[in-house]
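Required output: the full structure, derived from the provided sequences and hints.
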Amino acid sequence: MAQEKSKPKNGVTAKDVKKIAKLSRLHVEADRLEPIAEDLNGILGWIEQLAEVDVEGVEPMTSAVDMAAPLRADNVSDGGKRDDVLKNAPKSDDGFFVVPRSVE
Amino acid sequence: MFIAPRVADEKDWIVTDTGPWEIIIGLEVHAQVASKSKLFSGSATGYGSAPNTQVSLVDAGMPGMLPVVNEFCIEQAVKTGYGLNAKINLFSRFDRKNYFYVDLPQGYQISQFEHPIVGEGEIEILPIDGDGNVGEPVTVGIERLHLEQDAGKSVHDLSPDETYVDLNRCGVALMEIVSKPDMRTPEEASAYVEKLRGIVRALGTCDGDMEKGNLRADVNVSVRRPGGELGTRCEIKNVNSMRFIRQAINFEARRHIDIIEAGGEIDQETRLFDSVKGETRTMRSKEDAHDYRYFPDPDLLPIKLEQSFVDKIKANLPEMPDVRKARFMSDYGLPEYDARILTSDKTKADFYEVVAKGRDPKIASNWTMVEFFGALNKSGLELEDSLVSADALGCLIDRILDDTISGKIAKGVFEKMFAGEGTADEIIERDGLKQVTDMGTIEAMVDKVIADNAGQAEKAKENPKLLGFFVGQVMKASQGKANPQAVNKILREKLGL
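Here the protein sequences line up with chains G and C, keeping their order.
Just so you know, the numbering used here puts 60 at position 60 of the first sequence, and the rest follows in order with no gaps.
Just so you know, the numbering used here puts 1450 at position 450 of the second sequence, and the rest follows in order with no gaps.
Hint data in this document are derived by calculation from the structure and do not stem from the laboratory.
Treat each hint with caution, since some may be false.
To be verified - So the derived list for chain C, only partly shown, Cβ under 8 Å to chain G, looks like this:
1) L1066
2) V1068
3) T1163
Claimed, not checked - Straight line, CA to CA, 30 Å or less: simulated BS3-like cross-link-like pairs of lysine-lysine:
4) K1362(C) - K87(G)
5) K1408(C) - K18(G)
6) K1378(C) - K1362(C)
7) K22(G) - K1195(C)
8) K1212(C) - K1362(C)
9) K1237(C) - K18(G)
10) K1097(C) - K1011(C)
Predicted, not measured: the structure shown is a model, and the values here were computed from it.
Just so you know, even glycine gets a beta-carbon here, dropped at the ideal spot from N, CA and C.
Structure representation (structure tokens):
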């Protein structure tokens, strides 16, 4: 059966796009919200086809390799590179990063 | 599902014109893991270093840097889990909690959302009211314990229109311990934090230093009619003392009741406690709240612990405060009060056990609690910084028990020891405080006092209460050095009592 370009069940709206953009600190022009929502819904609909696969009894896979995280011993082996750390900062002073005021 | 079946005791209800209310409290305690290096990098964790000197490129969120888990932090979380009588999850995983803030260079905090390392547990607390009355024990459920990274520190007072950021703390391992909403009074909440502090200190997994922020609590408060429908809760962030926890809860509960009674609604929001004004105020607006878009951190594989690894930790757990308290009561015969105070903190309990070794346990307890802890409180010193060691206090007690000095003189000697003037023996020798036990010498002093107060001596036969006056005079004449029992005995004989 030919699938038409499906709309996902809980598709995103222009309002959702606005919110996600804000949370991600991305500027999106008002007239772009609707087209982006449409694009995203297209992607979501395509991804949703995965739901057709029967995964009964299959454990969710969270990484591509089946192994546990390697652990390291609790030793101080890094740090002490303040100048490197601050090198790319637009502004620093007295060893601190300096940014626009974050509270009123 | 958020349920709170327990109803507060009637005495703990807040009764207003509209009827009774009860407070529902749950806590999220952040305990900094006592590790040398950070959770995902080899930078140091020490407090008070120059800004940004304990920062690696991982901590600074530089592109391409990968986190590697600190095994010691995993062990401490498991250990603490056992201390909370909780389920240890052999499988756990790190997730990204996404938000933007100036002290979080990655743009996300690595935390554990879906699969925490420790699951449900419970601890028992003893709430104590402002007058020191001990209430009924309350069982507080633990929802979970998970590991996460701390953020950096923002400094707002170095420039009027800028924020200074120090990332030294960024990436330090925290154990977030989430309680169930099982507390009903401010005293229960602070007793719970006190208990947690005692547990992590006994285990050595966190130093519990609240002043440095190494142990801090987010307090969730709501109100409801007793046993009724739950109200909307507010979260008060980063409260860092037992007293502030109680103040913040009292203020917040009153605020909720006032709003509801005026016909208003509570906004679910994050609030800040202002310790100067003793009030809470809005911190973040609702629209941004709790939309962290968690997802599994693709840079980190899941944590899979071997049963043998956690068994080994369990087998090597130190004695927990509750067990130690029971032992102090049974082995030393101490009253509940003494045992509770002494075992509330590991260093205190360790100190006491040295003092009590080979000595009368109750005398050792009195001297440790009344004189020693009293002096610590007064001076604001921590036990670790005191100039009086447990052995030195023990020697002072020995000098009372062998009649070298009286208990009263001993208090003066202790003050001098606390001020760093030397050992008990040195001070007794230097100041000539050795008790006079020679009967002849005491008799001579008694005779002189009776001769000087002949009139009173006559009356004493009729009024035995005057004995106290004579004892006082003799002790004064001896500068407190006469053995009080001997003085009493000789006076009674001479006065014919």
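Each hint, compared with the structure:
Hint status for L1066(C): violated, given a least beta-carbon distance of 11 Å to chain G, over 8 Å. This hint holds: V1068(C) has a C-beta 5 Å from the nearest C-beta of chain G, less than the 8 Å allowed. For T1163(C), the interface hint holds, since its Cβ comes within 8 Å of a Cβ in chain G; the closest pair sits about 5 Å apart. With a C-alpha separation of about 62 Å, the suggested pairing of K1362(C) with K87(G) is violated against the 30 Å cut-off.
Of the pairs offered as hints, the one joining K1408(C) and K18(G) is violated, with about 76 Å between alpha carbons and a cut-off of 30 Å exceeded. The straight-line distance between the Cα atoms of K1378(C) and K1362(C) is roughly 23 Å, inside the 30 Å bound, and the hint therefore holds. Annotation: proposed proximity of K22(G) to K1195(C) is violated, straight-line Cα distance about 41 Å (limit 30 Å). This hinted pair does not check out: K1212(C) and K1362(C) have alpha carbons roughly 34 Å apart, beyond 30 Å.
The straight-line distance between the Cα atoms of K1237(C) and K18(G) is roughly 28 Å, inside the 30 Å bound, and the hint therefore holds. Proximity of K1097(C) to K1011(C) is assessed by CA-CA distance (about 41 Å); at most 30 Å being required, the pair is judged violated.
The structure fails hints 1, 4, 5, 7, 8, 10 (numbered hints given earlier, in ascending order).
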